[in-house]
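K.L.:
First to last, the sequence lines map onto chains C and U. Numbered as in the numbering used here, the first sequence ends at 87 without a single skipped number. Numbered as in the numbering used here, the second sequence ends at 342 without a single skipped number.
Hints are computed from structural coordinates only; laboratory data are not their basis. Just so it is clear, the structure is predicted and the values come from calculations on it, not from any experiment. All C-beta atoms in this analysis are idealised placements derived from N, C-alpha and C, irrespective of residue type, glycine included. Do not take every clue at face value.
[To be verified] Computed cross-link-like contacts, SDA-like style, restricted to lysine to any residue with a CA-CA straight-line distance of at most 25 angstroms:
(1) U/Lys281 with C/Gly(-12)
(2) U/Lys281 with C/Ala57
(3) U/Lys281 with C/His41
(4) U/Lys281 with C/Asn42
(5) U/Lys281 with C/Gly(-4)
(6) U/Lys281 with C/Leu75
(7) U/Lys281 with C/Ala56
(8) U/Lys281 with C/Asp80
(9) U/Lys281 with U/Phe271
(10) U/Lys281 with U/Ala268
(11) U/Lys281 with C/Leu(-13)
(12) U/Lys281 with U/Trp175
(13) U/Lys281 with U/Arg193
(14) U/Lys281 with U/Ala269
(15) U/Lys281 with C/Pro(-11)
(16) U/Lys281 with U/Thr266
(17) U/Lys281 with C/Ala(-8)
(18) U/Lys281 with U/Phe180
(19) U/Lys281 with C/Ala29
(20) U/Lys281 with U/Trp172
(21) U/Lys281 with C/Phe36
(22) U/Lys281 with C/Ala44
(23) U/Lys281 with C/Gly43
(24) U/Lys281 with C/Ala40
[Said to hold, decoys possible] Simulated coverage check for chain U against chain C, where a stretch passes if three residues somewhere in it have a Cβ under 8 angstroms from a Cβ of chain C:
(25) 169 to 180
(26) 191 to 204
(27) 224 to 230
(28) 269 to 276
(29) 305 to 313
[Unchecked claim] Under 8 angstroms between C-beta atoms, here's a sample of chain C residues computed to sit facing chain U:
(30) Leu1
(31) Val18
(32) His39
(33) Gln46
(34) Val79
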Amino acid sequence: MLGPGIAWYLGVSAFLFGVGALGVLLRRNPLIVLLSLEIMLNGANLALIAFSRHAHNGAGQIFALAVMAVAASEVCVGLGLVVAIHRRNLALDVDALSELRG
Amino acid sequence: MGNFLVWVVWVVAAFACIASAVAVVSLRNPFLSALALIGNLGSLAVLYLLLSAEFVAAAQVLVYAGAVMVMFLFVIAYIGPAQETPWAGWSTVQNVAAVLTAAAIFVEIMVAIGLKAGGRLAHSDHVNGTFGSPGWIGRLFLTDHLLAFEITSIVLLVAAVGGVILGSHTRRLETEA
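Isolated chain C (complex conformation) (with noise of 0.2 angstroms):
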C-alpha cells in the first residue's frame, strides 16, 4: 500500500487512547469526560480500521460501524444525565457527585 504502513497507524491510535484515558481521569465537567470518551472510542476505531486494511478483512470495518452505534447511545444517555443533572441544580464535578459511594 501506499504511504505509511499499518504501524504508523497504530501508533496514532495509541496516542489517541491515551490521550482520552488521560482526559477521563483528568478533567472534572462530565461533559469533558464524554468527549474523552469519544476520543477513546475513536483511536480504538483507528486500530480496528487499520487491521481491516491490513488483514483484508471487512469484520474490523463492520465493527467500526458498531462502535459508532455504541457512541452514538452512550453520548444519548450520557446527555440525558447531564441535562437532569444540571436541572437538579447540583454541581456539574464528577467529584463532587459521590452520593452513591459505598
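With chain C's structure known, arrange chain U on it following the hints.
P.N.:
Below, chain U without anything else, positioned relative to chain C:
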C-alpha cells in the same frame, strides 16, 4: 510521487488529529473542546480514507461530526460554559495518578505495536476497488454480520428509550416541586 503525496496527507492528518485531541483534553471552555473534537473527527476521516475505508469515513463525518457533535454543542449551550481549570491543583495525588496511568496505557500499547511492527505488520495485502465501498459494506451487513446489524439497532433503540426516560423523569420532578 504518489507515495510522497500520501505521506504528506498522512502527516498533516495525523498531526491535526493529535493536536486536536490534546486540545480537547486541555482546553478550559467545553464549547472549544467540542469544536476541537469536530476537527479531530474530521482528520480521523481523512486517515480512514487513506486506509480505503470510504463508507466508514463518510459515516464518521455524517454521524459523528454532524449529528453527535451538534447534540453536544446544543447541551453545552443549554448548560452554559462552566469554566474549569484542568491543571489547577496539579500536584494532587489524583492528578499525578491520572497522568501516570494514561502514560502507562500509551507506553504499553506502543511496546506491543513495536514488538510486532517488524514482522507481520510490515506487509499489507493489496486491496481491490470495492474494498470499503458502501455496496460492499451493505452486503457484509446483510449477509455475514446480520446479527451484529440487528443487535446494533436494538442498542440504539434502548438508548433512545433511556434518553426519553431520563428527560421525562426530571420534568416530573420539576412539576412536583
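K.L.:
Do the alpha carbons of U/Lys281 and C/Ala29 lie within 25 angstroms of each other, as the hint requires?
P.N.:
Holds, at about 18 angstroms.
K.L.:
Given the hint that U/Lys281 pairs with C/Gly(-12), does the C-alpha gap stay at or below 25 angstroms?
P.N.:
Judged against 25 angstroms, a Cα distance of about 19 angstroms means the pair holds.
K.L.:
Three or more residues of the segment 169 to 180 of chain U near chain C by CB distance under 8 angstroms?
P.N.:
Coverage by chain C holds here, the residue count being 5 at a Cβ distance below 8 angstroms.
K.L.:
If you draw a straight line from the CA of U/Lys281 to the CA of C/Ala56, is it 25 angstroms or shorter?
P.N.:
Judged against 25 angstroms, a Cα distance of about 29 angstroms means the pair is violated.
K.L.:
Check whether the Cα positions of U/Lys281 and C/Leu75 lie no farther apart than 25 angstroms.
P.N.:
violated, 48 angstroms
K.L.:
Would the pair U/Lys281 and U/Trp172 pass a check requiring their Cα atoms to be no farther apart than 25 angstroms?
P.N.:
Measuring from Cα to Cα gives roughly 22 angstroms; hence the hint holds.
K.L.:
Tell me if the interface restraint on C/Leu1 is satisfied: Cβ within less than 8 angstroms of some Cβ in chain U.
P.N.:
holds, 5 angstroms
K.L.:
Straight-line Cα separation of U/Lys281 and U/Trp175 no greater than 25 angstroms?
P.N.:
The given pair, whose Cα atoms are some 21 angstroms apart, holds under the 25 angstroms limit.
K.L.:
Close enough to count: is the Cβ of C/His39 nearer than 8 angstroms to one in chain U?
P.N.:
Holds - the Cβ of C/His39 comes within 8 angstroms of chain U, reaching about 5 angstroms at its closest.
K.L.:
Using Cβ atoms only, decide whether C/Gln46 comes closer than 8 angstroms to chain U, and label the hint accordingly.
P.N.:
Interface hint status for C/Gln46: holds (5 angstroms vs cutoff 8 angstroms).
K.L.:
Given a cut of 8 angstroms on the nearest C-beta pair, is the interface hint for C/Val79 held or broken against chain U?
P.N.:
violated, 11 angstroms
K.L.:
Assess, step by step, whether the Cα of U/Lys281 is no farther than 25 angstroms from the Cα of U/Thr266, and give holds or violated.
P.N.:
holds, 23 angstroms
Violated hints, listed in ascending order, are 2, 6, 7, 8, 13, 31 and 34; each of the other numbered hints is respected by the structure.
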